[in-house]
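From just these sequences and the hints, can you work out the full model?
Spelled out from the first residue to the last, the chains are:
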Amino acid sequence: SQKIEQNSEALNIQEGKTATLTCNYTNYSPAYLQWYRQDPGRGPVFLLLIRENEKEKRKERLKVTFDTTLKQSLFHITASQPADSATYLCALPPSGGSYIPTFGRGTSLIVHP
Amino acid sequence: GAGVSQTPSNKVTEKGKYVELRCDPISGHTALYWYRQSLGQGPEFLIYFQGTGAADDSGLPNDRFFAVRPEGSVSTLKIQRTERGDSAVYLCASSLLGTIHEQFFGPGTRLTVL
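Residue numbers (our numbering), protein chains in the order written: chain C, 159 to 271; chain R, 841 to 954.
Just so you know, the hints here were simulated from the structure itself, not pulled from any lab data. Treat the hints with care, since some could be wrong.
For lysine to aspartate or glutamate, the following EDC-like pairs were computed, each having C-alpha atoms within a straight-line distance of at most 20 Å [as the list claims (entries may be wrong)]: (1) C/Lys161 <-> R/Glu884; (2) R/Lys918 <-> R/Glu854; (3) R/Lys857 <-> R/Asp926; (4) C/Lys221 <-> R/Glu942; (5) C/Lys215 <-> R/Glu942; (6) R/Lys857 <-> R/Glu923; (7) R/Lys851 <-> R/Asp864; (8) R/Lys851 <-> R/Asp926; (9) C/Lys229 <-> C/Glu163; (10) C/Lys221 <-> C/Asp242; (11) R/Lys857 <-> R/Asp903; (12) C/Lys217 <-> R/Glu942.
Set out below in structure tokens:
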């Protein structure tokens, strides 16, 4: 069955460092992958979409890579700040042409001042 | 406000009762989605509307769950004979089209079934 794996353990890092979050998937051949941010008590907020023919995408301090051979996406936040503390979710479209994303469980990032 | 709004923000009910959760999407967004999120999990798809019709309701867990969008804007998720296992945050999202366009989520309704 299709599966999206994100580390369930929180990632703790020091302010100023680069945070790297991982999204692995199995039994998918996604045409794209999305990353969302979710703060407590709020709905997810879309951050970035990367397509299968793009190796890397950047937006300000964010960088996403997409390796369809490894079936993995890495999400990087450079020069991290305490305000970056949140849960980060990856999402993929299911097989069969649907564009309704399936979400991973998310990884909590805590940036310490 | 310009965002997706959901009411109520919190709903506590007793097992067996009927509840309605409301979603006001962003004006002009034709696609509307309902998700359910349990603690420590990602959002789980329930139903998707394109305009007034339910284009995909494959995520509804059983026939106690039903959703409508009669005028292609506001949507109501209805849960009959609630069970304790229905307790979760119910999220609504909207997008311009039912494609890979960015989804805009509301803050969710936290449903607690006692």
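Here is what the structure says about each hint:
{"no.": "1", "hint": "C/Lys161 <-> R/Glu884", "in the structure": "holds (13 Å)"}
{"no.": "2", "hint": "R/Lys918 <-> R/Glu854", "in the structure": "holds (15 Å)"}
{"no.": "3", "hint": "R/Lys857 <-> R/Asp926", "in the structure": "holds (11 Å)"}
{"no.": "4", "hint": "C/Lys221 <-> R/Glu942", "in the structure": "holds (18 Å)"}
{"no.": "5", "hint": "C/Lys215 <-> R/Glu942", "in the structure": "holds (16 Å)"}
{"no.": "6", "hint": "R/Lys857 <-> R/Glu923", "in the structure": "holds (8 Å)"}
{"no.": "7", "hint": "R/Lys851 <-> R/Asp864", "in the structure": "holds (17 Å)"}
{"no.": "8", "hint": "R/Lys851 <-> R/Asp926", "in the structure": "holds (12 Å)"}
{"no.": "9", "hint": "C/Lys229 <-> C/Glu163", "in the structure": "holds (11 Å)"}
{"no.": "10", "hint": "C/Lys221 <-> C/Asp242", "in the structure": "holds (14 Å)"}
{"no.": "11", "hint": "R/Lys857 <-> R/Asp903", "in the structure": "holds (15 Å)"}
{"no.": "12", "hint": "C/Lys217 <-> R/Glu942", "in the structure": "holds (15 Å)"}
When the structure is compared with the earlier hints, no violation turns up for any of them.
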